[in-house]
Amino acid sequence: MTATTDIEAMIGRIALGDRQAFSSLYSATSAKLFGICLRVLDNRAEAEDALQEVFVKVWHTASRYQVNGLSPMTWLITITRNHAIDRLRQRRAASGEMDELAELADLSPGPEALAVAASERGRIAGCLGQLEPDRADAVRRAYVEGETYAELAHRYGVPLNTIRTWLRRSLLKLKECLS
Amino acid sequence: MIEESDKDDDTALSAEYALGLLNPVEARAFETRLAVDPELRAQYALWVEDFASMTDGIAPVEPPKSVFDKVSVTLFPEEKQSWLQKLGLIPALLGGLVAALILVVATNQGLLNGPGVSSPAYTAEIVAEDQSLLVLATYDPVDAVLRIERTAGAARDGRTLQLWLIAGDNAPVSLGVLADGEVSTVPIPDTLLAALEGGLLAISDEPLGGSPTGQPTGEVLAVGQVVTL
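Heads up: the sequence lines are chains A and B, in that order.
Counting with my numbering, you get residues 1068 to 1246 for the letters of the first sequence.
Counting with my numbering, you get residues 2 to 230 for the letters of the second sequence.
Looking at chain A on its own, in the form it has when it is part of the complex:
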């Protein structure tokens, strides 16, 4: 694993148009980011396209990295996650909102059956573990699956306002645990 400071230095050089640094950053981080694309999109061809677009974005936005105050891996992971989620949402929209919701409705038996494979470790894992399982699950679904409030409301069979109140409260609890 390449050290954080190295990755930071690479991003700094990329901001100045250094192609060699870009190539090094790709070598050091593409496997991790591709893993995330695959996890979110669950489709190899789409994950490859997403990864390609992510690195194009990284090249163009490297100069803005300094101001956002994120650690370099978090910055890269967030660009990747957000991009993959955008694609996933477009796919859902294209495949027909109604079909998708019907599918979600089919999937709505007890919360145990709905558990998302947890992939987190460390601090956040411990804190998610302190939430009720279905609430932790909703947070994971929002982050890893990119599910919207409408989708979550449908999945858990509650009104939109309720799910929002529910999730916000879970997030506050999570924050309390994290800080």
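Treat the hints with care, as some may be off.
Every beta carbon over 12 angstroms from chain B, so not counted as near; a handful from chain A, in silico [to be verified]: (1) Asp1073; (2) Leu1083; (3) Asp1201; (4) Val1225; (5) Pro1226.
The following residues of chain A were derived to be distant from chain B, with all beta-carbon distances above 12 angstroms [stated by the list, open to error]: (6) Ala1070; (7) Gly1079; (8) Arg1158; (9) Ala1161; (10) Gly1224.
Now the in silico label distances, taken between C-beta atoms and shown as ranges [stated by the list, open to error]: (11) A:Asp1109 to B:Ser133: 51 to 59 angstroms; (12) A:Asp1085 to B:Asp10: 38 to 46 angstroms; (13) A:Leu1245 to B:Arg34: 15 to 23 angstroms; (14) A:Val1225 to B:Leu193: 50 to 58 angstroms; (15) A:Thr1232 to B:Asp170: 48 to 56 angstroms; (16) A:Leu1245 to B:Ala195: 45 to 53 angstroms; (17) B:Pro65 to A:His1127: 20 to 28 angstroms.
In case anyone wonders, no lab produced these hints; they're calculated from the structure.
As the structure is a computational prediction, the values presented were derived from the model and not from experiment.
Where a beta carbon is used, it is the ideal one built from N, C-alpha and C, also for glycine.
Dock chain B against chain A, hints included.
Using the frame of chain A, we list chain B on its own:
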């Protein structure tokens, strides 16, 4: 029930924004505040760090090489140059020089293959433009090796000949340094077999021990196309 304070509201709002849960109008309003409110930015950054750690357990997967190639072509189209161009091999493969690169069909392939062996056999004659180097390469599917026979020419003094496989636009893959003797064998791993078919074999002039960079550094002395028999 606890009423959410303004502070709590911002905490939850930052998380919702980080998760992409806000509707477009809310998201834009949040971004406007984010631009001018360092405290809010710090709060958002903390959430992003925490959420990103939800990916810690996602295993890395090596993406195919084509992804980086596509990124490069998108960002640096002027660099779109195949290895054949980089190595200056295009002229050798076009026009009048082609005669020097014509492929030979090995004579004893049937024997090598034997009955019932369905693996393809490949062969390439690697020729220098001025015929000063003549090498015949034959793939032996039974032993999964390339048999290299050098019938003319040798490495320059204090230098060595290195054999490369070039498939499509991919970077040359070293198949190793040619032994001093006239005949040598080079093992071909299964992973390279697909690249061998329709690929090019090239020989470059390299320092003793082979190219220090993993790519051809010296003059390309000879090149030939692999054909399936």
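We went through each hint and held it up to the structure:
no., hint, in the structure
1, Asp1073, "holds, 17 angstroms"
2, Leu1083, "holds, 15 angstroms"
3, Asp1201, "holds, 17 angstroms"
4, Val1225, "holds, 15 angstroms"
5, Pro1226, "holds, 16 angstroms"
6, Ala1070, "holds, 16 angstroms"
7, Gly1079, "holds, 18 angstroms"
8, Arg1158, "holds, 15 angstroms"
9, Ala1161, "holds, 18 angstroms"
10, Gly1224, "holds, 18 angstroms"
11, A:Asp1109 to B:Ser133: 51 to 59 angstroms, "holds, 56 angstroms"
12, A:Asp1085 to B:Asp10: 38 to 46 angstroms, "holds, 42 angstroms"
13, A:Leu1245 to B:Arg34: 15 to 23 angstroms, "holds, 22 angstroms"
14, A:Val1225 to B:Leu193: 50 to 58 angstroms, "holds, 57 angstroms"
15, A:Thr1232 to B:Asp170: 48 to 56 angstroms, "holds, 55 angstroms"
16, A:Leu1245 to B:Ala195: 45 to 53 angstroms, "holds, 49 angstroms"
17, B:Pro65 to A:His1127: 20 to 28 angstroms, "holds, 23 angstroms"
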